[in-house]
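4 protein chains.
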Amino acid sequence: MNKNQNSRKQELLQSTIQHIDIKQHNVVPMIDAMGSMAFQARNLSRGAQIFNKMQEDKECAVFLTLAGSLISAGLKGVIVDLIKNNMVDAIVSTGANIVDQDFFEALGFKHYVGTQYGIDDQELRELMIDRIYDTFIDEEDLRICDATIGEICESLEKRPYSSREFIREMGRYLAENDKYADYREDSIVYQCYKKGVPIFVPAFSDCSAGFGLVHHQWHNPDSHVSIDSAKDFLEITKVKLANPESGIFMIGGGVPKNFVQDIVVACDILDKEAPMHKYAVQITVADERDGALSGSTLKEACSWGKVDTVYEQMVWAEATIAMPLIAGYAYHKKSYEGRPERNFNKILDKKKLQHA
Amino acid sequence: MNKNQNSRKQELLQSTIQHIDIKQHNVVPMIDAMGSMAFQARNLSRGAQIFNKMQEDKECAVFLTLAGSLISAGLKGVIVDLIKNNMVDAIVSTGANIVDQDFFEALGFKHYVGTQYGIDDQELRELMIDRIYDTFIDEEDLRICDATIGEICESLEKRPYSSREFIREMGRYLAENDKYADYREDSIVYQCYKKGVPIFVPAFSDCSAGFGLVHHQWHNPDSHVSIDSAKDFLEITKVKLANPESGIFMIGGGVPKNFVQDIVVACDILDKEAPMHKYAVQITVADERDGALSGSTLKEACSWGKVDTVYEQMVWAEATIAMPLIAGYAYHKKSYEGRPERNFNKILDKKKLQHA
Amino acid sequence: MNKNQNSRKQELLQSTIQHIDIKQHNVVPMIDAMGSMAFQARNLSRGAQIFNKMQEDKECAVFLTLAGSLISAGLKGVIVDLIKNNMVDAIVSTGANIVDQDFFEALGFKHYVGTQYGIDDQELRELMIDRIYDTFIDEEDLRICDATIGEICESLEKRPYSSREFIREMGRYLAENDKYADYREDSIVYQCYKKGVPIFVPAFSDCSAGFGLVHHQWHNPDSHVSIDSAKDFLEITKVKLANPESGIFMIGGGVPKNFVQDIVVACDILDKEAPMHKYAVQITVADERDGALSGSTLKEACSWGKVDTVYEQMVWAEATIAMPLIAGYAYHKKSYEGRPERNFNKILDKKKLQHA
Amino acid sequence: MNKNQNSRKQELLQSTIQHIDIKQHNVVPMIDAMGSMAFQARNLSRGAQIFNKMQEDKECAVFLTLAGSLISAGLKGVIVDLIKNNMVDAIVSTGANIVDQDFFEALGFKHYVGTQYGIDDQELRELMIDRIYDTFIDEEDLRICDATIGEICESLEKRPYSSREFIREMGRYLAENDKYADYREDSIVYQCYKKGVPIFVPAFSDCSAGFGLVHHQWHNPDSHVSIDSAKDFLEITKVKLANPESGIFMIGGGVPKNFVQDIVVACDILDKEAPMHKYAVQITVADERDGALSGSTLKEACSWGKVDTVYEQMVWAEATIAMPLIAGYAYHKKSYEGRPERNFNKILDKKKLQHA
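Chains as they are written, first to last, in this note's numbering: chain B, 88 to 443; chain E, 88 to 443; chain P, 88 to 443; chain F, 88 to 443.
Keep in mind that a hint or two might mislead.
No copy labels: a pair is met if it fits in one copy or bridges any two.
Below, computed lysine-lysine pairings styled on BS3-like, alpha-carbon distance capped at 25 Å [stated by the list, open to error]:
{"id": "1", "residue 1": "Lys281", "residue 2": "Lys110"}
{"id": "2", "residue 1": "Lys245", "residue 2": "Lys437"}
{"id": "3", "residue 1": "Lys197", "residue 2": "Lys171"}
{"id": "4", "residue 1": "Lys145", "residue 2": "Lys420"}
{"id": "5", "residue 1": "Lys171", "residue 2": "Lys140"}
{"id": "6", "residue 1": "Lys110", "residue 2": "Lys197"}
{"id": "7", "residue 1": "Lys110", "residue 2": "Lys420"}
{"id": "8", "residue 1": "Lys437", "residue 2": "Lys359"}
{"id": "9", "residue 1": "Lys421", "residue 2": "Lys171"}
{"id": "10", "residue 1": "Lys110", "residue 2": "Lys282"}
{"id": "11", "residue 1": "Lys145", "residue 2": "Lys282"}
{"id": "12", "residue 1": "Lys282", "residue 2": "Lys437"}
Note that these hints are calculated values from the structure, not bench results.
Please work from the sequences and hints to get the whole structure.
Written out as structure tokens, the structure reads:
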């Protein structure tokens with residue numbers, strides 16, 4: 088890039104995305120009031136109440152699923168607060184949220200306020216600026232993130248890992264490198280590492296991690312780290328077996344939604360008793376009329392034996408607006424008080440020993 | 088289930104889904120006429136023309152991505168015809184389409200015309216009928232499909248497999264069991280096996296295959312088949328390196344869309360020259376305004392250096408309507424004539440040797 | 088505008104929108120095949136079959152409702168063919184379709200193929216080019232259309248008119264001015280004038296007609312033409328009373344959808360017996376989850392006593408794709424043969440006498 | 088209805104919709120925080136800031152447009168607070184919001200919390216319960232509302248009225264009947280009557296008012312009240328001429344959105360100078376990709392010369408969630424302080440004299 092390009096790039100990457108802090112905004116009275124309205128205000132309110140019920144139910148393990156570009160959009164703080172307060176016990180996510188966005192920020196990089204208007208994507212390409220709708224990312228930063236994953240690969244014993252195991256190593260990497268001390272406290276990967284909250288990314292190579300892994304396997308054809316997606320599924324099923332009562336809070340649909348619902352059936356396949364998910368809330372803008380999973384109703388999931396229909400709610404809203412409201416409601420109700428730190432990572436490590 | 092339930096179940100599972108046959112419907116004049124209209128008719132027409140351009144360009148490898156419940160909805164025949172006529176050279180899909188739906192039908196099972204109205208999903212659950220919007224599936228059949236995957240696992244050498252390798256074994260299983268002779272000819276998995284068309288499922292455990300694999304790994308804790316999702320990414324990158332000029336025809340978004348776009352960047356990470364995808368068509372009902380990948384524009388993908396903007400088209404339509412029209416257009420233009428059978432599976436096997 | 092602007096304008100307004108001709112495309116076998124698929128292909132097929140049932144039922148008066156920018160998008164020919172073959176007996180529309188677009192083209196003007204990308208709307212404004220998504224209109228032409236409406240106002244007796252009466256005068260204007268002979272044959276307004284098919288535009292001033300009327304009333308403050316929207320409602324109710332059995336084919340939602348459904352209740356208010364609409368098909372991309380009318384289900388309309396639920400179908404698709412398929416299906420089934428020319432305009436004129 | 092039906096009806100109509108009170112919820116810090124996020128949170132925040140700018144700009148007349156079922160959904164209180172604090176100066180609405188819902192509640196009737204699940208719309212029909220998605224209405228109450236409109240018609244001088252004039256008579260009716268004293272204070276129609284805020288309903292017969300008017304005209308064929316929709320357009324144009332600087336806050340799209348944008352062009356048609364709308368915010372879930380007006384961008388409206396592009400924002404969210412947040416933001420910023428009571432009704436009455 089020449090000098091003009093550099094200054095143009097600087098001009099475009101000025102203002103950084105700030106993560107919203109639900110602790111500052113007590114939305115309880117407003118969300119309660121919305122419960123006597125109609126349409127999505129009422130659904131949002133009911134969704135918040137069901138998410139709060141999951142917190143009140145101390146037996147209930149809470150699964151959080153993440154799809155879409157949530158971290159780059161300013162929702163990282165919401166998720167970190169849920170983790171810190173034991174409000175979520177396991178996470179299933181797309182790779183972008185965990186690696187390209189959360190781990191990326193933990194390395195000290197930022198997302199930038201951009202725009203979708205009057206922008207030439209060919210120009211952005213030349214400037215090495217990646218666009219997510221109205222947000223900009225410095226591709227040069229992202230390449231460092233890819234390379235860091237490759238570096239972690241090189242440091243590990245060469246064997247199959249579940250994505251959870253690998254992501255825990257990413258957490259360990261952050262913990263052991265004090266140059267990230269200023270950034271890691273706000274990181275999902277790091278906080279989950281500290282609290283023993285498992286993070287599953289069923290399509291782990293479909294993100295920045297994939298670039299690091301491809302680099303690693305290409306240069307180590309004979310013996311290398313591999314990512315065993317079946318092990319992911321086995322491990323998350325073990326979480327369900329370890330804590331049968333469960334609720335799910337789904338942001339978007341996609342693979343994470345399907346994956347976490349399927350564990351009820353997986354228990355059955357293993358001839359183990361496990362109840363359907365007792366609580367389920369999904370924030371989505373997807374439509375049910377294309378028959379795809381992302382917008383499929385939670386009632387439909389009941390026909391599959393995955394989700395019970397007593398406490399389920401679809402909330403048709405975009406996540407950047409709805410997630411702070413629902414999570415903030417439960418946070419300010421303080422029902423998380425008294426919830427145990429479940430540390431499923433510890434349980435999964437033990438289970439492994441049992442089977443070994 | 089008691090006798091009443093059995094007869095109720097039979098009553099609900101009467102009429103089977105029939106796959107549409109694009110060979111019977113010459114839509115070329117209609118789609119051409121739509122090119123002089125506006126809105127989605129014009130977009131559909133342009134999308135069809137770009138897909139046809141991919142066929143005319145004999146250097147171009149065509150990637151097909153599949154997300155949503157497409158096979159259960161009657162689109163299997165469309166895809167099989169594309170494969171048979173060398174109109175697609177590699178497939179990236181969600182697991183449900185390939186395992187729960189295509190392989191499932193290859194075993195002799197069917198999907199049923201159902202309804203989303205006046206149905207109690209709790210009752211369906213008790214009858215072991217799974218619902219996909221307006222379609223019914225016999226869960227008892229699906230359990231046999233899960234078990235068949237488990238059986239295939241047991242028969243394989245215990246090592247990490249890419250999903251492609253595993254799916255090829257599924258094809259081999261169909262080829263070697265003549266009891267499926269009546270069903271397998273219409274199967275994507277089987278036809279791809281025969282033609283050497285690789286199928287990648289980056290989140291392979293997120294489907295019926297996952298149930299089989301979990302069963303397998305649970306009962307074989309020490310030594311087992313694993314699914315290496317990083318290997319998937321490496322292999323599909325090798326396809327791009329083997330045939331640099333490429334086009335993508337995307338049905339829905341999700342992981343398959345992201346995965347196939349990322350290979351351009353992966354080549355760069357490996358310091359190999361590879362052009363952006365030259366042609367790109369996506370059929371989707373997703374909206375770009377939530378910033379998620381499924382609805383993100385192909386222009387946005389250009390900022391990431393993944394897709395060129397000369398021949399790209401988003402078609403905002405539901406796939407059951409739009410896919411037969413676009414695929415049918417290209418089929419009846421006969422531009423596939425003279426296209427080589429690329430047999431990327433053979434190339435990937437060789438590459439493996441190179442690295443071993 | 089200076090010379091450069093003129094040549095830029097000419098450059099942008101080159102290619103004209105062409106109306107699709109359903110007579111050229113026999114879609115019957117394809118639409119029938121879609122009936123055994125799922126999701127919207129099946130809904131589209133069922134919608135086409137119900138619209139065809141309306142044709143077969145010779146007692147049934149067919150109401151067509153039009154919302155959205157349909158004429159400018161290339162659907163005028165579809166509608167004209169329905170009128171010519173007695174396949175619709177009354178039309179309820181937004182003003183833009185009837186005045187700004189159909190009447191506009193009948194005056195000899197055209198819509199142009201445009202684009203939504205890389206266009207500066209401020210520049211378009213300076214060039215007097217109006218944009219509808221990917222379509223361009225010459226604002227200078229539109230001003231002539233506004234003025235023509237004003238001219239018609241001046242020529243009329245000064246009294247309240249229903250929109251139907253006014254639109255019939257627009258048809259008469261076309262019939263009496265042979266300079267429009269080349270264009271009027273393809274016009275909805277003109278063909279309805281000839282066949283006595285009433286056109287109602289309940290928000291008549293909300294379009295180019297409004298500009299003409301405002302000009303007229305401003306310059307004739309004491310005595311002027313007025314548009315009585317209550318009379319519209321009374322007249323369309325009389326149509327229902329004159330022909331109690333009815334079906335509705337709705338393109339989009341909005342005021343036309345509500346208006347035509349309400350006439351069943353209006354009959355009841357007048358203590359007249361009239362059945363609910365027996366057949367109802369709506370093509371829409373609207374969602375039901377905001378509680379608004381456009382996306383509200385036809386089942387919901389049954390709770391209001393407006394639409395029966397035996398033969399009703401929502402088709403979730405964009406109109407430029409779905410309308411030619413549904414209308415084309417019924418056209419090629421030829422069930423319109425033997426349908427009478429109902430000429431409701433004649434009946435409404437008589438009714439007026441009865442009351443006078 | 089028999090006794091069983093009556094008790095079933097009572098059971099279904101138990102819980103009433105409660106209107107949210109924005110005065111109780113200071114959302115300013117949260118909405119400001121959302122301004123540094125991405126996607127719709129940022130758009131919502133910017134929309135709120137632009138609506139607040141309209142308040143700060145004391146020269147600016149604020150037009151509020153209402154489409155969708157807003158009053159029945161619990162948004163009446165929001166709108167009444169905007170009126171009381173001079174935060175809106177004119178309203179353009181669909182008929183349902185103003186007559187069937189607001190005036191209806193001013194007569195002492197209520198909307199009920201209902202459900203869209205497990206409900207048989209045929210049963211609702213027999214019980215005379217009307218459904219709006221998840222909300223129930225007693226059709227017997229609605230018939231009284233229809234009849235009240237008919238009664239008002241009978242009491243008026245027989246001449247053409249603009250919808251504004253007629254709605255003002257509805258306000259007067261509430262003011263003069265003390266039996267409504269308990270309900271009318273919370274009514275849009277009544278508060279606008281008191282403050283001189285004009286309400287325009289361009290498709291006035293497309294609602295409960297239509298039923299009353301049809302009854303009136305049917306029984307008074309020779310001399311009757313009529314609703315002149317052209318006069319509506321002329322009057323609202325005069326509002327723009329009286330106060331050229333303007334902003335629009337649009338809830339949903341439809342006829343109200345189009346109508347209020349068109350007045351800029353109408354001024355031009357009358358050879359009067361009037362600037363484009365300076366500020367524009369639209370809350371909508373409509374999509375731009377069908378080319379229809381409801382989802383068309385405000386940038387597109389600039390090509391038509393209707394809306395300036397400096398302060399415009401589309402907010403993609405459902406109104407029950409987004410409207411309290413945007414209106415609440417501006418309310419708690421207190422920028423409405425010092426805004427004059429514009430009383431456009433008084434100005435329109437004077438204008439009338441000028442022309443007479």
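Verification of the supplied hints:
no.	hint	verdict
1	Lys281 to Lys110	within (21 Å within a copy, 42 Å between copies)
2	Lys245 to Lys437	both (21 Å within a copy, 23 Å between copies)
3	Lys197 to Lys171	within (22 Å within a copy, 44 Å between copies)
4	Lys145 to Lys420	within (15 Å within a copy, 41 Å between copies)
5	Lys171 to Lys140	within (18 Å within a copy, 39 Å between copies)
6	Lys110 to Lys197	within (22 Å within a copy, 37 Å between copies)
7	Lys110 to Lys420	both (11 Å within a copy, 22 Å between copies)
8	Lys437 to Lys359	within (19 Å within a copy, 43 Å between copies)
9	Lys421 to Lys171	within (13 Å within a copy, 37 Å between copies)
10	Lys110 to Lys282	within (20 Å within a copy, 40 Å between copies)
11	Lys145 to Lys282	within (17 Å within a copy, 54 Å between copies)
12	Lys282 to Lys437	within (16 Å within a copy, 45 Å between copies)
No hint from the list above goes unmet by this structure.
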